[in-house]
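*Asks:* Turn these sequences into a full structure, and let the hints guide you.
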Amino acid sequence: MKNHKKLVESVVGMLSSYFNSENIYKPKIIRDQYILGRTMKNHVDIYLEFIQMNNVERTIINVVSSREATTEDVLRLSNTLNDLEFKAKGVLYYDSCISNEALIVSKHKIETVKFVLQNEIIKSLRKAIEVLLPDESTIGDPFWVVMETDERGKNTGTYHCCEGRVIPLYLSRRQAQKIAESMEDNHKVYGLSQVHLKSLLNMANLDDFQLGLIYPRFGLLKPALIIAPGNDNILKWYFRENEYV
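Per our numbering, the sequence shown starts with residue 11, numbered consecutively.
Any given hint might turn out to be false.
[What the hints assert, rightly or not] Quick list of in silico lysine-lysine cross-link-like pairs, DSS-like style, CA-CA up to 27 Å: (1) 51 - 36; (2) 117 - 99; (3) 16 - 124; (4) 117 - 51.
[Stated by the list, open to error] Cβ pair distances, simulated, as ranges: (5) 65 - 30: 14 to 22 Å; (6) 12 - 173: 36 to 44 Å; (7) 66 - 117: 23 to 31 Å; (8) 26 - 246: 46 to 54 Å.
In short, the hints are calculated from the structure, not lab data.
C-beta: ideal position from N, C-alpha, C; glycine also.
*Replies:* Below, the structure is given as structure tokens:
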């Protein structure tokens with residue numbers, strides 16, 4: 011029972027990390043849920059609900075810990091899905107192994123997934139890095155930044171700063187490009203998506219940096235041309251929080 015609960019918490023943690031990185035709007039992740047069906051009250055380990063492309067997506071998740079996942083486990087989840095008064099996807103997580111018969115039975119209705127904690131941690135770290143660092147394909151929404159690159163042209167994660175620990179935000183990619191080209195070290199221009207903007211604001215607040223706005227009509231970077239209205243105001247004015255969690 012203890013291992014079962016631990017696996018449930020691990021799966022919930024994985025799902026929470028995924029939703030945070032993908033900025034899924036208002037997901038519901040409910041543990042140990044009872045759902046009234048057509049003929050009975052069904053117990054599920056995890057009930058998942060979120061909105062995607064204006065559709066409500068629901069998933070019923072059961073877990074099998076410290077033993078072989080069997081046909082009985084698959085059928086129990088399948089019967090739950092059949093009894094529900096709404097359409098939902100079924101997923102069975104296990105941390106040990108699954109029988110061949112269970113795989114055959116689950117083929118058309120239930121998704122079976124082996125949960126390996128170490129693999130999920132690696133995936134989560136990779137996703138976190140992707141969220142924190144923009145790449146060259148990112149379009150500024152609405153800002154562009156200048157960042158340091160290594161000898162291979164890879165983003166080092168270091169933002170170009172001005173005096174007073176200010177990270178300049180450019181509304182014009184062309185203006186940011188002029189600044190990058192004027193620097194002796196390797197620098198490139200990257201667009202900030204809404205996700206990157208929120209991550210940068212969080213980082214700036216933790217490390218006591220200010221974000222500064224640069225007027226597009228100016229071609230030179232001078233401290234006098236930077237407006238730093240405060241990180242909270244930039245978040246309020248430019249981050250569309252109603253679209254993101």
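*Asks:* Could you run down the list of hints and mark each one as holding or not?
*Replies:* Here is how each hint holds up against the structure:
Of the supplied pair hints, the one linking residue 51 and residue 36 holds, its CA atoms being roughly 26 Å apart against a limit of 27 Å. For a cut-off of 27 Å, the pair hint linking residue 117 to residue 99 stands: about 13 Å separates their Cα positions. Under the criterion of a C-alpha separation no larger than 27 Å, the hint pairing residue 16 with residue 124 is consistent with the structure, at around 15 Å. Straight-line distance between C-alpha atoms of residue 117 and residue 51 comes to about 25 Å, which keeps the hinted pair within the 27 Å bound.
As the Cβ distance of residue 65 to residue 30 is approximately 21 Å, the hint placing it in 14 to 22 Å holds. Checked against the hint of 36 to 44 Å, the pair residue 12 and residue 173 fails, with Cβ atoms roughly 56 Å apart. The beta-carbon spacing between residue 66 and residue 117, approximately 26 Å, falls within the hinted interval of 23 to 31 Å. Between residue 26 and residue 246 the Cβ separation comes to about 26 Å, which falls outside the hinted range of 46 to 54 Å.
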